[in-house]
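Participant: Chains A and B are the protein sequences, given in the same order. For what it's worth, full-length UniProt numbering labels the leading residue of the first sequence as 1, then goes sequentially. For what it's worth, full-length UniProt numbering labels the leading residue of the second sequence as 1, then goes sequentially.
The set of hints was computed from the structure by calculation and includes no laboratory data. Glycine included, each C-beta is placed from N, C-alpha and C at the ideal position. One should not assume that every hint holds.
Unchecked claim - Here are some chain A residues pointing at chain B (derived, C-beta under 8 Å): (1) V23; (2) R24; (3) L26; (4) G27; (5) G185; (6) S231; (7) G233; (8) A238; (9) I257; (10) E291; (11) A293.
Stated by the list, open to error - What the simulated footprint calls covered on chain B by chain A, stretch by stretch (three residues with Cβ under 8 Å from a Cβ of chain A suffice, anywhere in the stretch; the number is not a length): (12) 3-15; (13) 49-61.
Unchecked claim - Pair by pair, the computed Cβ-Cβ distance ranges are: (14) A:R3 x B:L61: 29 to 39 Å; (15) A:A190 x B:N85: 35 to 45 Å; (16) B:L61 x A:R286: 14 to 24 Å; (17) B:D226 x A:A149: 25 to 35 Å; (18) B:A124 x A:A149: 40 to 50 Å; (19) A:Q225 x B:G224: 45 to 55 Å; (20) A:A149 x B:L61: 32 to 42 Å.
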Amino acid sequence: MSRLLIKASTPLCLLQDCGRFGVRHLGVTQGGAADWLSMAWANWLLGNSPDAAVIEITLGGLSLVAQDDCTLALAGADLAATVDGQVLKPWRSFALKQGQTLTLSQPLLGARAYLAAPGGIAAPQVLGSCATVAREQLGGPDGFGRGLAAGDELSFNGHAQPLRELASEQQPVFSPNPGLDVVLGAQIGAFSGQSTFDAFNSPWTLDTRADRMGIRLLGPALVYQGAPMISEGIPLGAIQVPPDGQPIVLLNDRQTIGGYPRLGALTPLALARLAQCLPGEGVALRPTTQEAAQRQMVGFMQRFG
Amino acid sequence: MKPRIEVVAIDCLMLRLFDEIAEANMPWMLAASERLRASFAGNLIDLVPSYTTLMVHYDGLALSPVEARELIAQALTDLRPQTQNLGQCHVLPVWYDLSVGPELTLLAQRASCPVSEVIRRHSAHEYQVFALGFAPGFAFMGLVEEALAAPRLNTPRKRVASGSVGIAERQTAAYPAQSPGGWNLVGRTPSALFDRERDGYSLMQPGDTVRFEPVSRAEFIRLGGDDTPQEALA
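With the sequences and hints as input, model every part of the structure.
Facilitator: This is how it looks when you write it as structure tokens:
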């Protein structure tokens, strides 16, 4: 067993995995890594299963000390990580010797970094997952939805692995103004013609109102012309439009049902990219179909073998 | 019933069975849920029922959208409303009191009746659980009779006590844990509504029925209830 001692943290440093399933009908949210792809790569670098428990670090503010010699992996955002002051770039596994300090301080590129450990970080399984959801008091190091805090000791049982780096052509690109694919559906037919044009032809800006429940986009007001809705299930990535016309992309910690009309839902790849955007950054929405998106996803996932 | 299948995400299809909220929907919803669980089997990730719809979240790496639609169509073939296993009937003890149900007076005024009559009417009906949402174990139940219906508070409370029983429009619900909320509060139940150690986790499941039973403060306390006034949480 190897241990990591948390020296500094924020409420946005969370244990995550792929989330809770089979419990949505009970009102339990999904949870899980907001950028599932970076989590999967962090785990891949150590030979873990893609959904082994990791630390999701949003914006930085995490510092930890190795209590034993170990190998870890870092993927996702570049949060100015250092090991005892030496720069550590993401998309690689690295050795951390007993007593060495890993620090992630501030976002240089992207928003969320994922730190994986061999075999996955040990954490209590609550409703089948360790995903931390503060609102629901589920998951995390104590099982009751708490984020990581100074003094926490995390452990893992896997053994040190040969060091690996993700080939640059495999690394997700975090270039500005990404196009995000939207599977058209839900109530899109009940928006005004101008609104469906605007949705896919206007630049959108991430609002500061952004968390793991949803990210609000600022742009032209979209007008829904349909009848008032009865609440229904909401999928991951759904783009709902409240009466003010400013769309909200619903993320992992969203409520399970809701009654605002929706344009459709982002694809998993678009969600992974959006999870790396900061407030004030621009995005574009691109229409796609369920069939095309599904074929692309099946092809994409083959790289994980 | 007029079933329609709508695309809602890369790996989710919405099965829309009805257009109106009605207690009579439930035997059909339960029958369709059971059939969908059987036809998707291991490829079903989640099935989210809500009033008039069933959202089917399936494994998009195992099934194409066309295959998923075929499984839904297959599940609906010769569908009959469920007549057996219609869900459990729960009796929830409720301490109806102004200290834990501050909107009792407002509802009595709206219905032009005494508070005792609001309590009698709210506890007289056996409600259907239409859906769970908002929070783990939070069951949307109905239908509350027209005279007791009231819109949500203009300003939601930052903290509603765990166990609080409320009314919003023609729905009623109990808060499984302390949370923000805008429902009109009428009382409090000592029952544990969500318990991670319990088989099935949530006391109430979609399709169950619920009756509220008025109890005294002494009985409420005996059953483990916390009588901290709602006001003290504000």
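Participant: If a hint holds in the structure, say so; if it doesn't, say that too.
Facilitator: Hints, verified against the model:
no.	hint	in the structure
1	V23	7 Å, holds
2	R24	4 Å, holds
3	L26	4 Å, holds
4	G27	4 Å, holds
5	G185	3 Å, holds
6	S231	5 Å, holds
7	G233	3 Å, holds
8	A238	7 Å, holds
9	I257	4 Å, holds
10	E291	6 Å, holds
11	A293	5 Å, holds
12	3-15	holds (count 8)
13	49-61	holds (count 10)
14	A:R3 x B:L61: 29 to 39 Å	35 Å, holds
15	A:A190 x B:N85: 35 to 45 Å	36 Å, holds
16	B:L61 x A:R286: 14 to 24 Å	22 Å, holds
17	B:D226 x A:A149: 25 to 35 Å	27 Å, holds
18	B:A124 x A:A149: 40 to 50 Å	49 Å, holds
19	A:Q225 x B:G224: 45 to 55 Å	50 Å, holds
20	A:A149 x B:L61: 32 to 42 Å	36 Å, holds
When held up to the earlier numbered hints, the structure conflicts with none and fits them all.
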